[in-house]
Structure formats: structure tokens, C-alpha cells
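Number of protein chains: 2
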Amino acid sequence: MKVLIIGGGGLIGQKLAKSLAGRGTLRGQPISELVLADVIDATTVDAPFAVTTKTCDISDPASVATIIDESTDVIYLLAAVVSAHAEEDFDFGYKINVDGTRNVLERCRTLGTKPVVVFTSSIAVFGGEVPQPFTDDSALNPQISYGVQKAIGEMLLNDYTRKGFVQGRGFRLPTISVRPGKPNRAASGFMSSIFREPLQGLPANCPVDRDFPHFYLSPRKCVENLIKGAELDQADLGPRPSMTMPGRVWTIGQMIDAMTAVAGPEPAKLITWNPQPEIEHILDGWRMDIRPEKAAKLGLTADDSFEDNIRIFLEDDIDA
Amino acid sequence: MKVLIIGGGGLIGQKLAKSLAGRGTLRGQPISELVLADVIDATTVDAPFAVTTKTCDISDPASVATIIDESTDVIYLLAAVVSAHAEEDFDFGYKINVDGTRNVLERCRTLGTKPVVVFTSSIAVFGGEVPQPFTDDSALNPQISYGVQKAIGEMLLNDYTRKGFVQGRGFRLPTISVRPGKPNRAASGFMSSIFREPLQGLPANCPVDRDFPHFYLSPRKCVENLIKGAELDQADLGPRPSMTMPGRVWTIGQMIDAMTAVAGPEPAKLITWNPQPEIEHILDGWRMDIRPEKAAKLGLTADDSFEDNIRIFLEDDIDA
Chain A
1 MKVLIIGGGG LIGQKLAKSL AGRGTLRGQP ISELVLADVI DATTVDAPFA
51 VTTKTCDISD PASVATIIDE STDVIYLLAA VVSAHAEEDF DFGYKINVDG
101 TRNVLERCRT LGTKPVVVFT SSIAVFGGEV PQPFTDDSAL NPQISYGVQK
151 AIGEMLLNDY TRKGFVQGRG FRLPTISVRP GKPNRAASGF MSSIFREPLQ
201 GLPANCPVDR DFPHFYLSPR KCVENLIKGA ELDQADLGPR PSMTMPGRVW
251 TIGQMIDAMT AVAGPEPAKL ITWNPQPEIE HILDGWRMDI RPEKAAKLGL
301 TADDSFEDNI RIFLEDDIDA
Chain B
1 MKVLIIGGGG LIGQKLAKSL AGRGTLRGQP ISELVLADVI DATTVDAPFA
51 VTTKTCDISD PASVATIIDE STDVIYLLAA VVSAHAEEDF DFGYKINVDG
101 TRNVLERCRT LGTKPVVVFT SSIAVFGGEV PQPFTDDSAL NPQISYGVQK
151 AIGEMLLNDY TRKGFVQGRG FRLPTISVRP GKPNRAASGF MSSIFREPLQ
201 GLPANCPVDR DFPHFYLSPR KCVENLIKGA ELDQADLGPR PSMTMPGRVW
251 TIGQMIDAMT AVAGPEPAKL ITWNPQPEIE HILDGWRMDI RPEKAAKLGL
301 TADDSFEDNI RIFLEDDIDA
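Residue numbers (full-length UniProt numbering), protein chains in the order written: chain A, 1 to 320; chain B, 1 to 320.
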């Protein structure tokens, strides 16, 4: 079992790699090799199997050919130009998120080896005039280019799967919170920074009100779901293997109260409340009443309470 | 007002050109020039304004640049590799339907002139496990590559419109019936041939039962809707300018009865009833309980009865 993580240097890629290293198996078979591909050299992980790091530009088919070969059994396609970044740089977003995804799928088709492809989409595919709640049967109506590019990625994944070129499964990720490390260029970055910074004694700004709802998932649960996602039987996925990954909807106020319940009253005092005009139009397009019924039926899960998310951050990212 | 029809040599392109020639105006302004672009040299039309024919391969950006310039005000993007053809030739379908659409939109973006772009999508975007009826808020869940490619085209059109690069409006065409002339490579071809051939004394085969429902529109109504579609104010289209064009759902049996009502009992006797395995999997994925509410609110219309469709065929295509 040879596993490839494209975007292996990113937050989820690294946590997924460590989790696979801890398990040693995937889809009931021992992992023989893990390849971490990214635009920059990814940090390697300690594992009971070979771990290789490779640099790759997925917008270049020749570069994609250097990371996927006949022996690649499972591919995680996590690499993306995220929301605010894709909104600023229209060309780059399409180049990586659309052309890159197509190049990966085309490489699999050319090889004819029908690998499992786990694709991460985003709840940014939802938005606009479509009535809430958003179920797996709602129209995708993204209001930012990133969401459009992810919706196109889902369509491609579904078609390449239907045609038998890959064993695809796509999961629309909730906002991942609490993300450790530095902020990325997602408009949802504040959803982590308002917890991450205050829990470490630093100030952070919240650009929305306390009653703003959010559909979230911890990094730990996200990785668990990505592993379960790879292990699903194709037949159980039906004719549309892209779906929303489970998450939970809480308001910002409830989440801050959860932080206070776990870590005391001091962190919440470090939050400032100022609008950020540069992301306001993105936030306006967000819709958060999301029902991930199909993935839940398939056994994927959400966190129980945002208190868990705070504890998971402290355990996985601060204590470590 | 300079108008370009990409796919100007096709059935709808030619009828649209003739209708524009008859009107002389579009969006309240006199038409000064009409360009008919197609892969092969399109037949020209008599008009009170200049009509130019141009050959173009929309999968080649340089070729697209030869048909769209700063003076192009309205672009009809009708060219497509249709259902059964795109299903047979995977690469060619993506090349024309996805890359071609993107090339047209990119050319507009580069020019910065924000033309009106009328894009024809298809009801092939609907299908699979999504519950009927299909409204404008239903998930697009195509079960053939052609539908996937059209859904991607809609996504691109919506995004380029939102970004202000074009004034886009997309319409999912019902099955056009009765189509004159030779069959194209659409799996829905029988929906015209079972009327067109018998009305001219020729046999034709129907691969589905009498109770098979179909969402249809006459070529004449389709052209009327495409003209209204170009004339809509962008503000009335909302944040998702792709929608289903009005049509009507009748069963094959009802439609044949309508032919008999208009043309007597002889034509129906020329229909044979044999399954066609090569299109059976495409027909299985079709869903026909479709509600084109948004376009209807915007003033686009369907035929009143299939008897009209028979009469329109006889008037527009046989008597002429």
C-alpha cells in the first residue's frame, strides 16, 4: 500500500501523515511507502515505513507524473490555493485548484491503475440565493472563485470516478478550528486565531459578531474522517461520491464560552472586535446551516462540543 | 451592436441568426454586424446588416481571439460536443465543452469589454440520486460527461460574471423537438426523429416506452428565449445567472398522440419500438421532472402543447 499526500507539507497533510505513521495500515493493508508532495519540501515524519518528500507543481502535468506512478494506491489531494488568496489571484486559483486537480486525475487515467483519490472540497461551494439548510442535494452556488474551483473539482472527481478512471471520494471540509501555527490565507482564518492566539496569551481580532454561526471541525477529527474516507467501499458512495464532511454549527459566542469553560476567563479578554473590510464580502456569501447527512451515514463524525476542539488544540498542538 | 454566434452553423445557431435578421435589433439597439463562427464554414443568412462567417476552433485561444474583439457586444456560446459524442470521446468533450468555454470567457476577460455572454447548458446536468423535482436550487448531479462539462461551464460563467468580466446568463436547454435536418450525436436524438421522419413518410425507431416522460421545447421557442435571455438586465439574474430554460414535460405517448391529432394516424404507424443498448445507460440517468421557475419568472416561456411543436416543425421546416 503506497500512499501519496499532495499538500503533504500543509497542516492537514502533516497531521494525516503522522496519523498514518501511527496506524501503519490503510484499507486493511500495511503501508509500505508514504510520499509527501508539496510545492515546498515538506517536513518528513517518523514512521515504521519509508517516507519520501517530493516537490511538485500540480499545475504542470510533467511534475504530476513524477509523484504518481503505477504503484500509487491511495492519493490524498489536499493541495489548494485557499479562499482569500484565490479571490485576489484569479489565475493562480484556477491554475492550481482546477488545472492541478485535472492533471492529477488525468495522470491516474493515463496509468489505468484506478487508485483511490480522496479529494478535499470546501463548504465554500455553498452560498447565495439557495435556501438553507444545505444538504447533499442542494445546488452548489459558490460566491467566491475558490468555491467555484472546488465545485469544478468535485464535478471532475465524480466524472472520472463514474468512468472508472479513479476510485474517487470528495469531502467538503468545514472550517478547521483550532488550526495551529501561522494563519493561512483563508478568509476563515479568524476562526482559529481568536482561540489560538489568546490561548497563548496573545491578542487576536474577531471580524464578526458573537451571534455569527460557523460550521467547524477539529484537525484531529478531520484527519480521522480522511482516513475513514479512504477506506470506504466505492459501492457505498453511490453515483455522486462528493459530499459534505461532518461538522457542527455553533456561534462564535458559544465557541468563546467553550474556550472560557476549558481555559478560564483570561483568553477571551484578549479578543478585539473590529470588522475587516477585505474579507467582508466573502463572509457575506457564507452560509452555515449545513447538514452533512450522507457522510454521517457512512460513518464519518464531527466533534462533540467546541470544548473538545479547545482541548484537542491544547493536547495536540500546545503540549506537543 | 455586434453579435457573435459561436456554433452559428448549427441548428439553433442558424435559426437564431435568421430571427435576429428578421428583428434587426437586440437589447434595444440596431444590429450592425452578425458573426457566425463554427468549426466548419456556416451558411450565411440574408439580413439588413453585415453577416460574416468565420471558422474557429474554440479549444485554441488564438482562434478564439480571431472571433471576439473589442467591438463584440453579445456572444452566444452554443457550440458543444453533445451527449453521446462526449461520452464516446472523453478528451474531445472536455476540450470543446470545458476548455473551449473557458477560452471564450478568458478572451472576454482579457479584452475588459464585459460583453453579454449567453451560454447554453443542458438538462443533462440533472440526474442520479438527487430527489425530483429538479428546481433551480437542486444539486447538479450529471451522470454523463456532457452534463459534467456543461455544469462546469455554468460554474465558470457564474464566476466570470460575479467578477465583472462578462455579463453572463446560462440556460439549460430542454430537449429540442422537433429538430429538422439530420440527427446530431445527442442521445436524445430519437425525441425528434420519431416525429420528423414519420411526418415525411419515413420509418423511425423509439428506444423507450410510451410512458417515458420528456422535458422538451421547440426550436422556435428556444430561439425566442435565447433572444429574451440576451436582453435581460444583469441585476435581475441575481448571484447565479445559470438556470433551466422553460420546457414542458409530456410522455412520449402523449407526444405521439399530439402528432396524430395534427397530422392524422399514418405517421405514428411508421414508428418501431426497439431498445438501443448504446444509449440505454444515458437514458437511465435522465431525470425529467424539471421546474424552470426562475427563467419563467424572468419572462422566458415554453410551448403550450406538443401539438404546437408539430405545427412549428411543419411550418418552419417542412413548408420552408
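Note that these hints are calculated values from the structure, not bench results. What you are looking at is a predicted structure, and each value in this text was computed from that prediction instead of being measured. It is possible that part of the hints are untrue.
Same chains, same label: a pair holds when it works inside one copy or across any pair of copies.
Here are the simulated lysine to any residue pairs, SDA-like style, with alpha carbons at most 20 Å apart [to be verified]:
#1 K15 to D211
#2 K182 to R109
#3 K95 to S59
#4 K294 to P131
#5 K163 to L283
#6 K18 to N205
#7 K163 to H85
#8 K54 to E307
#9 K269 to D236
#10 K297 to A84
**Study point:** Earlier hints that do not hold, by number
**Key:** Violated hints: 1, 2, 6, 8, 9 and 10; rest satisfied.
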